[in-house]
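In the order they appear, the protein sequences are chains F and Y.
For the first sequence, counting from 1, position 261 maps to 261 in our numbering; every step adds exactly one.
Basically our numbering = 1-based index in the second sequence + 1000.
Just so you know, these hints were derived from the structure itself, not from any lab.
The C-beta atom is built at its ideal place from N, Cα and C for all residues, glycine as well.
Misleading hints may appear alongside valid ones.
[Claimed, not checked] Mimicking DSS-like on lysine-lysine, the simulated pairs with C-alpha atoms at most 27 Å apart in a straight line are:
#1 K133(F) x K117(F)
#2 K146(F) x K116(F)
#3 K83(F) x K133(F)
#4 K1245(Y) x K146(F)
#5 K83(F) x K1008(Y)
#6 K306(F) x K223(F)
#7 K146(F) x K117(F)
#8 K99(F) x K1015(Y)
#9 K83(F) x K117(F)
#10 K83(F) x K1245(Y)
#11 K116(F) x K83(F)
#12 K223(F) x K1245(Y)
#13 K1245(Y) x K116(F)
#14 K1091(Y) x K99(F)
#15 K1245(Y) x K117(F)
#16 K1008(Y) x K1091(Y)
#17 K83(F) x K1091(Y)
#18 K99(F) x K146(F)
#19 K10(F) x K146(F)
#20 K1015(Y) x K83(F)
#21 K1008(Y) x K133(F)
#22 K1245(Y) x K133(F)
#23 K1015(Y) x K1091(Y)
#24 K1091(Y) x K1245(Y)
#25 K117(F) x K1008(Y)
[Said to hold, decoys possible] Ranges of calculated distance between the beta carbons of each label pair, as one might list FRET restraints:
#26 E1250(Y) x T291(F): 55 to 61 Å
#27 N1218(Y) x D76(F): 47 to 53 Å
#28 D108(F) x R1167(Y): 38 to 44 Å
#29 N126(F) x R1248(Y): 35 to 41 Å
#30 V1196(Y) x Q25(F): 51 to 57 Å
#31 W1007(Y) x G74(F): 44 to 50 Å
#32 E31(F) x R1248(Y): 24 to 30 Å
#33 R265(F) x R1167(Y): 36 to 42 Å
#34 R1248(Y) x G255(F): 26 to 32 Å
#35 R1248(Y) x D220(F): 50 to 56 Å
#36 V1034(Y) x K99(F): 25 to 31 Å
#37 E225(F) x L1018(Y): 52 to 58 Å
#38 W1249(Y) x S112(F): 17 to 23 Å
#39 E1250(Y) x R271(F): 47 to 53 Å
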Amino acid sequence: MAVTDLQIIKRPVIQVSGIRKTYGQTVAVDEVSFEVNEGEIFGLIGPNGAGKTTTMECIEGLRTPDRGIISVLGLDPFRQVYKVQERIGVQLQQAQLQKRIKVWEAVDLWASLYRKKAIDAEHLLNQLGLTDKRNAWFMNLSGGQKQRLFIALALINDPDVVFLDELTTGLDPQARRAIWDLVRDIRDRGKTVFLTTHLMEEAERLCDRVAIIEHGRIIDIDKPERLIDRHCPERTIVLTTDDTTAEQRFRSIRGVTAVSCTDGRFNISGRGDDLVTEVIQCLSENRIRVTDFRTILPNLEDVFLKLTGHSIRE
Amino acid sequence: MMLRGLWKLTWIEIKIFLREPLGAFGAIALPVLVFLVLGRVANRKLEPSSHAGSTFVRVDLPVLASILIAISAVLSLVTIISIYREGGILKRLRATPLRPQTILTAHVIVKLTLTAATLALMVLAGRRYYPVGLHAPLFSFTIALLISTWSILSIGFLIASIVPTARFAQPIGAIILYPMIALSGLFVPIEALPPVLRAVARVLPLTYAVHLLRGIWNGDVWSAHLGDLAALAVVFVVCTALSAKVFRWE
Chain F
1 MAVTDLQIIK RPVIQVSGIR KTYGQTVAVD EVSFEVNEGE IFGLIGPNGA GKTTTMECIE
61 GLRTPDRGII SVLGLDPFRQ VYKVQERIGV QLQQAQLQKR IKVWEAVDLW ASLYRKKAID
121 AEHLLNQLGL TDKRNAWFMN LSGGQKQRLF IALALINDPD VVFLDELTTG LDPQARRAIW
181 DLVRDIRDRG KTVFLTTHLM EEAERLCDRV AIIEHGRIID IDKPERLIDR HCPERTIVLT
241 TDDTTAEQRF RSIRGVTAVS CTDGRFNISG RGDDLVTEVI QCLSENRIRV TDFRTILPNL
301 EDVFLKLTGH SIRE
Chain Y
1001 MMLRGLWKLT WIEIKIFLRE PLGAFGAIAL PVLVFLVLGR VANRKLEPSS HAGSTFVRVD
1061 LPVLASILIA ISAVLSLVTI ISIYREGGIL KRLRATPLRP QTILTAHVIV KLTLTAATLA
1121 LMVLAGRRYY PVGLHAPLFS FTIALLISTW SILSIGFLIA SIVPTARFAQ PIGAIILYPM
1181 IALSGLFVPI EALPPVLRAV ARVLPLTYAV HLLRGIWNGD VWSAHLGDLA ALAVVFVVCT
1241 ALSAKVFRWE
């Protein structure tokens, strides 16, 4: 069971209210407001250039918004930047380390930067599968190993909130899945995770709640499944049959909104959680013989398309 | 407080520097070799005939070599800061409670340490191969070189603050710093320069560094060089203040 389901009283650990940030003439972020609750994985999702990194770096205290209020763990990340940085862990997009720094040296250095006692570095490296790479130079690590090292550096001070910016960009699917497991582990240890991604699959599978951002503005915020229910309630069943009476019967099913057919291949669209059951019942009652049966559920990708009128990849 | 992480970062940066393929050789061995070769050549050619020649070997060569060490340290700092900025390393460090000035201080300490180590090697090598500077006050000279380097490092920071990309950092730094040697009084006395160049020489920090180093090498007392020290301090303060204004972390 997910941690968020157990929480009765949710405490916001990050509060962002009406922030705006411009670079010259370009408005990077405008009127962005949201809250991140304790113990959840919160995702800021949107295409590249939507304002994800700018928003995240304002919260981390690396940038100052032109206006608006940000609170992290009850602190002001601008005026109390060092206090905030003591209690957060950060992984930056496209950051590097010194080419020839060894893995253990980086972890050891980072551990020395914080006032509170760092967690056991060897244990951390072991958890992240970096023990046999502890003497390797940063430049000789693979993409996945570098990201795992950055996660280690983000966790070394046992932070209350962990920020992960485009953590799995450029990784192969296998490394990506391994990283997802690590992020879930972080949440399950009671930390709050704030992440950005332009990968909708990642957001859907990893995040407890997501905020969709485009052109510097938040479009909607909710749990992924609720966003899908709200914006894309239609689901589609694809089946193949040569039964000539089928089409008429499918149209009479409750909740069905459209039926199309080409060469015995039917697309049945409709709403409601019972749709699939209803279709199966119809098939069985009428002894309709099918040779293929698939359900297509909408995903965040479809939500994004619906909300913005274009695909996130465009 | 501000020192948290300083020594660890400094030590790691020294180790990283020595791991560079040309790091130790370029910064330490090369200046010493150049010094030895030049010294031997100059010594053999000039010693019997002219007095000026032996002054060159006794005083100016060590000063020139020291200045070269200082400039190479500064150029290496400029390059490192640019690379660190371009690679997001500075930004990553800044996202920790590490103070910005701690990061920069660590790099200054690394460069000063290397400068001192190179100087020590040079003196040792010089003693072994020909009798130069035997009676020079080495401790004072080292301090003078460190002060000069510190001051020139602030110019390096200013360059690193302004130059946009790592590719241009080193060449631009070299173009700014090396010509200063020509006007520093090492080769041509300041008084013998045309008025315009003399005026330029008077505002270049290297002129004061050379005057200081030469004096200390010759056994001057520190109080005779308060003007040089003041000039180097002014350069440091002005450049540091300017780079604090224009420095970019990313």
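Results of checking the hints against the structure:
1. K133(F) x K117(F): Answer holds: K133(F) to K117(F) is near 24 Å, not above 27 Å.
2. K146(F) x K116(F): holds (25 Å)
3. K83(F) x K133(F): Violated - the C-alpha atoms of K133(F) and K83(F) are around 32 Å apart, more than 27 Å.
4. K1245(Y) x K146(F): violated (33 Å)
5. K83(F) x K1008(Y): holds (21 Å)
6. K306(F) x K223(F): holds (17 Å)
7. K146(F) x K117(F): Within the cut-off at roughly 24 Å; holds.
8. K99(F) x K1015(Y): It holds: about 12 Å lies between the C-alpha atoms, which stays within 27 Å.
9. K83(F) x K117(F): It holds: about 15 Å lies between the C-alpha atoms, which stays within 27 Å.
10. K83(F) x K1245(Y): The given pair, whose Cα atoms are some 24 Å apart, holds under the 27 Å limit.
11. K116(F) x K83(F): holds (11 Å)
12. K223(F) x K1245(Y): The given pair, whose Cα atoms are some 44 Å apart, is violated under the 27 Å limit.
13. K1245(Y) x K116(F): violated (32 Å)
14. K1091(Y) x K99(F): holds (15 Å)
15. K1245(Y) x K117(F): Roughly 34 Å separates the two Cα atoms, so the pair is violated.
16. K1008(Y) x K1091(Y): Holds, at about 18 Å.
17. K83(F) x K1091(Y): holds (18 Å)
18. K99(F) x K146(F): holds (11 Å)
19. K10(F) x K146(F): violated (34 Å)
20. K1015(Y) x K83(F): Violated, at roughly 30 Å.
21. K1008(Y) x K133(F): holds (21 Å)
22. K1245(Y) x K133(F): With a Cα-Cα distance of about 40 Å, the restraint between K1245(Y) and K133(F) is violated, given a limit of 27 Å.
23. K1015(Y) x K1091(Y): Given pair K1015(Y), K1091(Y) holds - Cα atoms ~21 Å apart, limit 27 Å.
24. K1091(Y) x K1245(Y): Measuring from Cα to Cα gives roughly 17 Å; hence the hint holds.
25. K117(F) x K1008(Y): holds (16 Å)
26. E1250(Y) x T291(F): 55 to 61 Å: Given about 58 Å between the Cβ atoms, the range holds.
27. N1218(Y) x D76(F): 47 to 53 Å: The hint (47 to 53 Å, Cβ to Cβ) is violated, given that N1218(Y) and D76(F) are roughly 57 Å apart.
28. D108(F) x R1167(Y): 38 to 44 Å: Once the Cβ atoms are compared, 32 Å apart, the range 38 to 44 Å for R1167(Y) and D108(F) is violated.
29. N126(F) x R1248(Y): 35 to 41 Å: holds (38 Å)
30. V1196(Y) x Q25(F): 51 to 57 Å: Given a distance of about 44 Å, which is not inside 51 to 57 Å, the answer is violated.
31. W1007(Y) x G74(F): 44 to 50 Å: violated (33 Å)
32. E31(F) x R1248(Y): 24 to 30 Å: About 28 Å separates the Cβ atoms of E31(F) and R1248(Y), which means 24 to 30 Å holds.
33. R265(F) x R1167(Y): 36 to 42 Å: violated (58 Å)
34. R1248(Y) x G255(F): 26 to 32 Å: violated (58 Å)
35. R1248(Y) x D220(F): 50 to 56 Å: Violated: the Cβ-Cβ distance is about 36 Å, outside 50 to 56 Å.
36. V1034(Y) x K99(F): 25 to 31 Å: For K99(F) against V1034(Y), whose Cβ atoms are near 27 Å apart, the range 25 to 31 Å holds.
37. E225(F) x L1018(Y): 52 to 58 Å: This hint holds: roughly 55 Å between Cβ atoms.
38. W1249(Y) x S112(F): 17 to 23 Å: Once the Cβ atoms are compared, 21 Å apart, the range 17 to 23 Å for S112(F) and W1249(Y) holds.
39. E1250(Y) x R271(F): 47 to 53 Å: holds (48 Å)
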